[in-house]
Amino acid sequence: MKSLRRFFSRLAGVAPQREQDERLREEIAEHIALQTAENLRAGLSPDEARRQAYLKFGAVEVMKQDYRAARGLPWVENLLQDTRFALRALRKSPAFLIITVLTLALGIGANAAIFTLVRGVLLKPLVNRGEERLIYLHQSAKGIGMENETFSVPEYQDIQAAMHTISDFGDFSQIGFTMIGLGEPREIRGGVVGGSYFSVMGLHPVLGRLIEPRDDGPKAAGVVVLTYRFWTTSLNSDPSVIGKSIRLGSIGDRFATIIGVLEPSVPYPADTEIIANIVTSPHHLSATMVKGRVHRMTELFGRLAPGATLEQARAELRTVYAAMLKAHPEAYPKQDDFQVDARMLRDQITSPARTILLVLLASSGLVFIIACSNVANLILARTVRREGELAIRSALGASKRALRRMLLAECLLLCGLGAALGVLSARPMVAILARYASRFSVRALDLTVDSSLLWVGAGLALVGAVVLAYVPRLPTADASGSMTLASGSVRITGSTRRRQRVFVVTQIAASFVLLAGASMLITTLIALQKTPTGLDTRRVLSINVPAITYGKTTREVIDFYKESIRQVEALPGVDKTAFGLVTPWRDAGSFGPGFQFSAEGYPHVPGEEDPHAHFRVISPGFFAALGVPILAGRDFNDLDGRSKDDPVVIISQTLALRMFPGQDPLNQRVYWTDPVIEFIPGFTAAHYRVVGVSADIDDEHVVPGPTLTIYQTVEEAPIFGGRLFVHASGDPYALVIPITRIIRGMSAEQPVERAATLEDVRAEVLTPERLNSLVFGLFAAVALAIAVVGVAGVLAFSVSARTREFGIRLALGSQPQNLLKGVIVEGALMAAAGVLAGAAFGFVLARLLGGYIPDIKMPGALPVAVSAAVLLAAAVVASMLPAARAARVDVMQALRSE
Amino acid sequence: MKQKTDVQQGTLALMVLKTLDVLGPLHGYGIARRIEQISGDLLAVNQGTLYPVLLKLEQEGAIASEWGASEKNRRARFYRLTRAGRRQLQSETQDWAQTSAIIARFFQVKAEDLP
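Keeping their order, the protein sequence lines are chains A and B.
For the first sequence, the positions run 8 to 905 when our numbering is used.
For the second sequence, the positions run 45 to 159 when our numbering is used.
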């Protein structure tokens, strides 16, 4: 307590020095005066009285030192003094100050911003209450390409009944609704949940109530909870929406009441706008869905029972699951490779963003290294120029420690300014990065900038300052030091040059790693964009016109589309219009791996499963509208599907080759065998006659591959979704307004949304790749720029330090070209060493990271070669200027310069 | 060396407190004189050492100071004991008495007294 009080009093004593010194001076004067008066009274002469008084008082200066030491905190005073000195020294070289501060700001700012992002997305706990016990159940069937397969109701029931380590379960099914009654009629992303979902997830409402167990079952009233984002962004946080009734259409329509708004939370498994109870989706209540073991639509969440660990839950889950597989072998074919796993929900949510964020963090680390190396070089050069000054200081008695402290103060100041600027610039950077990262994790959307940004900035500044302060060699008091002192000139030493080279090589190595990574991403992107899709992407407009079945017969729905197509085709500028089920690429994955099917006469190998084919519903003219050729047979016509006796299909080329090798596929018959189809209304097990073979359309993958697809005509197939494809002869977007007008004219409640050419849909799907290339390209460009400046700086410095040597060489008859060549070769050699070091480092880094991040790829030969060439070329260009200066050295001046 | 200073400073601080306790507010010179009178030559050659001690006591809150007029109507800094200082004086006086009693007993012990 006492010592604490004294500390603060001493700290306060640091500042008002003058005042305190004055007080002491006065006290001493008074003391001496009183003592002198006393001595005079004792009979001494005035001079002697004064002398004795001083003698008695003791050594005034020593006492003053003691007094000052006791008054303030010497180290704080030293620091202040050093800082003041550093400020003065730095003000004298503003160019140096600006370059170093900017470089450091870049390095520190990028790191602080990315760290904030990583912390917000990967490290912060979820808002869900008790999130440390929240489990995500994960089923996969890699044999049919399902990395994350949903669960069926019977599977859910089996698991729930048998598990003890997980006490509560919640379920969530993703579903698309058409919503009418809240603003424009439109398609929305929705979720359907059981009554336990919100309590298991540990979420609360901000308004109204959430879905509870009383909302379960077929008799309950339809209720809807709005997500916070939807409520705030689309409904302007209007509290009066509670109690409103809306109509939700999926397979069948239901009315539902809005009962509450969910608190802001990470939407998982899907970023939906509303969450409804089961009764709003008739499909979820249908007997087929409730009883069908292979009818998988639900994602499962659980809460660990008290005392249970994740490991125990995982082990128990595997046992339960194995028993279930054994009991129902027909639902789990061996080659499908069904597996189950339990994970922390937090890990499940962050896993897609982990790779990209860690790579980003590593890249920003490299940028920091590059920035520090560059600043280290500048500081080295500056210290060499100041060697004379340092030597004089050292000769005047400054201890090595004092000199180092002076350097440290300078570096602290530089790094502190850099960090301040970096943290300031990090805020907007975080905002941009968050938007970028939200492509990978929805958590990034809720990112807030907090004090961790400051701490990271300060920490990096401190690390940078300490490293930088210990970089330069200090002059010693030995003979060579006094030489420097005597001549007072710049004399670059071997060790300084070696250090400078090391830093340049480090910079180039780090830049090379970044450059190679960025060029790998860019090559991939170019390859993706160049891949032909087989579609006339620029001319085809895709519009979502989802089927509205409320109060309509199937016939009426079909006729609605037929009439729309007829009227749209009558518009000027429209070549062809057709109905389709899904928008290519954007709607990828809507039907999982497709459905199993077989063909008449196709030999059934025992133990081998039937192949999966994608199921697509189209209207006549679909292939023409998309610009896809029909290779054999014919397109659908208006009569197809009218007769129940002769159902027909069109198949893709790959399917024809696979099922009917060496035969004419026309008039062969195919049929669905998938157990799921019996749960989907409108599907039949009829044997369909093949009337046509089309070229493959891979609407699932941006890079198209061979695709098995069966097309059925809209006349006889179940209709969900609903897209119109319009082949335009002119500007496709000019058609959007007239088309919308036509369709709305026919039905005011019909959503007409998301019109885009297939080219733009493709670009939209490729956005994450493009953003990755952009971000890493930016990093690489910055790194390259810093590295080029570094090479040029070091060579320029080396040339100016060797002016005399060049002068002598020129005087002895050396050709200027030789000097020029020498300097350029020096630069190229440094770059080459950097590239080699970078290649080795990058290889090791990728290996190391590969242990943590599974999907790290090694760049191909081309990107590596290109990056190396770019760096070498940059280094040669950077050495041109100093080289030219070396060749232009004026002999007389150079020789006189000493 | 440091040890010695510490002990000296400690005793000096105690003397300062006691002086102010007995005589009331005093300026630096007055305190020095008083200590000199009682302790003989402790401060004979370096009265100056008193000032760092005064500063330390003031920082600890044992004494307070303010400007006032000396006997000759000159500006002088007067020190006085605070309540905390009085408490500190009491407890340190006790400690000191105890310590010196123990030390005294220690010095009285002769070899034959030990069992």
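Take the hints with a grain of salt, since some may be wrong.
A short list of chain A residues far from chain B (calculated; beta carbon distances all over 10 Å) [claimed, not checked]:
{"hint": "1", "residue": "K63"}
{"hint": "2", "residue": "A66"}
{"hint": "3", "residue": "A762"}
Subject to a maximum C-alpha distance of 30 Å in a straight line, what follows is the list of computed DSBU-like cross-link-like pairs (lysine-lysine) [stated by the list, open to error]:
{"hint": "4", "chain 1": "B", "residue 1": "K62", "chain 2": "A", "residue 2": "K63"}
{"hint": "5", "chain 1": "A", "residue 1": "K71", "chain 2": "B", "residue 2": "K154"}
{"hint": "6", "chain 1": "A", "residue 1": "K226", "chain 2": "A", "residue 2": "K298"}
{"hint": "7", "chain 1": "A", "residue 1": "K569", "chain 2": "A", "residue 2": "K226"}
{"hint": "8", "chain 1": "A", "residue 1": "K537", "chain 2": "A", "residue 2": "K569"}
{"hint": "9", "chain 1": "A", "residue 1": "K63", "chain 2": "A", "residue 2": "K251"}
Quick caveat, the hints were computed from the structure, so don't treat them as lab data.
A virtual CB, placed ideally from N, CA and C, is assigned to each residue, including glycine.
Hint check results:
no., hint, in the structure
1, K63, "6 Å, violated"
2, A66, "7 Å, violated"
3, A762, "78 Å, holds"
4, B:K62 x A:K63, "22 Å, holds"
5, A:K71 x B:K154, "46 Å, violated"
6, A:K226 x A:K298, "18 Å, holds"
7, A:K569 x A:K226, "37 Å, violated"
8, A:K537 x A:K569, "35 Å, violated"
9, A:K63 x A:K251, "96 Å, violated"
The structure is inconsistent with the numbered hints 1, 2, 5, 7, 8, 9, although it conforms to all the rest.
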